[in-house]
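> Chains A and B, in that order, are what the protein sequence lines are. Under the numbering used here, the final residue of the first sequence carries the number 110; numbering is consecutive throughout. Under the numbering used here, the final residue of the second sequence carries the number 393; numbering is consecutive throughout.
Think of the hints as simulated: they come from the structure by calculation, not from any bench. Incorrect hints may appear among the rest.
Stated by the list, open to error - Derived, one-sided and incomplete: chain B residues facing chain A with beta-carbon distance under 8 Å:
1) 161
2) 213
3) 217
4) 225
5) 236
6) 391
Since we're looking at a predicted model, the values are computed, not measured. Just so it is clear, CB atoms sit at the ideal spot from N, CA and C, and this is done for glycine as well.
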Amino acid sequence: MSTTATTSAQPDPHADPHMGVREYFTIYFALLGLMLLTVLAALFDLGAANFLVAMTIAMVKTVLIVLFFMHVRYSDTLTKVFSAGAFAWLLMMIIGFLNDYFTRGMVAEK
Amino acid sequence: LTPVAETVPAPPHAHGDGHGHGAGPGQAGAHGNGRPLSLVHQFEDLYQQKSAAVLGMWAFLGTEVMFFGGLIATYIVYRFTSPDVWGAASHYGLNVTLGTINTVVLLTSSLAMALAVHAGATGERLRQVRFLELTLGLGLLFMAIKAYEYREEYLENLIPGPGFSTHALHLPEEPAPAAESAAHRRESATTLRTASILSVTPVQFVHQRAQLFFVFYFFMTGLHLLHMIIGVGLVSWVLLLARRGRFTAEYHIPLEIVGLYWHFIDIVWVFLYPLLYLVAIHK
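Produce the entire structure from the sequences given, and follow the hints as far as they go.
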């Protein structure tokens, strides 16, 4: 197989035709909108739910940045596994960690 | 290095036989045996070379996720142990307007970086340079605003240490009166219980927890700022390379990798902003 043919036959992770200048701006405005949403949600006193709402929005923003700004959507499978794995392990660590604290009566909102 | 002038335009279907180790990355043109000069010898083709670089960067970013994640996990525990102290410290201690402006500045710099990488993929040198300059400018603006915020907090004696004072935070002198609400009763009970375990008075306990909020604030934003300083250095470096025309549609790996790093810094801030600034703005 020739070098040139190999290069053009496989999807290029960072020059995907689906991502143009217009798409980058779309993602940017979506991110700004989500930021506004976080601020609006924080203006209401929802108790501990304030935290959950803020973190959910932050995770949605992260997914947008990772998939489109960092091109993971157009990258090969191994890169997808690595990027998803990083956040999955973090989530496991945080869940295990909080499990401990929240079940020992050390946290006020129980 | 094979002098570029001596290279023969490669026939499109000639395969690299594994001997062609090309030249240093970043040089356009083709080796005599058909391998592009920007392709280093251990890789089959440019796609594999690019994938390996991206994968390596993601492995590094995975360790960074855990690095910041540990701090965020501890933050969550203390925030929910003393929600009212945390709320007061965030509400009265931090400048939410500047924090919001900085969020927009960093998001915009991320867009500029994405467009610079896009210009790398299309090989437009001038657009690479312009967008990298914009990224750099916005990065420096973020750092300047952050420095101004640090100064404000310094003047209000909010730096943890012997000079720390809760004067600016309007903290209650005693734990919240039991009559207020069930949530307050719970926090009062926890405060009293934890204070007695730690053998401190409730007032001292509240003071310590307020100080702890600022330990988290300065550690989290400081660590983020350290990444910004490294990021600004890296952006300056790729800007220099872009000015020299080193990035082509075929080879622009440094630009992409620095782009990944810059977007990661943005992601960290996406979490720090609501965690630190938006704790209790409804009050």
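> Now, for every hint given, state plainly whether the structure supports it.
Taking the hints in turn, this is what the structure says about them:
1. 161: With a closest approach of 6 Å, the residue 161/B hint holds.
2. 213: holds (6 Å)
3. 217: holds (5 Å)
4. 225: holds (6 Å)
5. 236: Nearest chain A Cβ about 14 Å off; hint violated.
6. 391: holds (5 Å)
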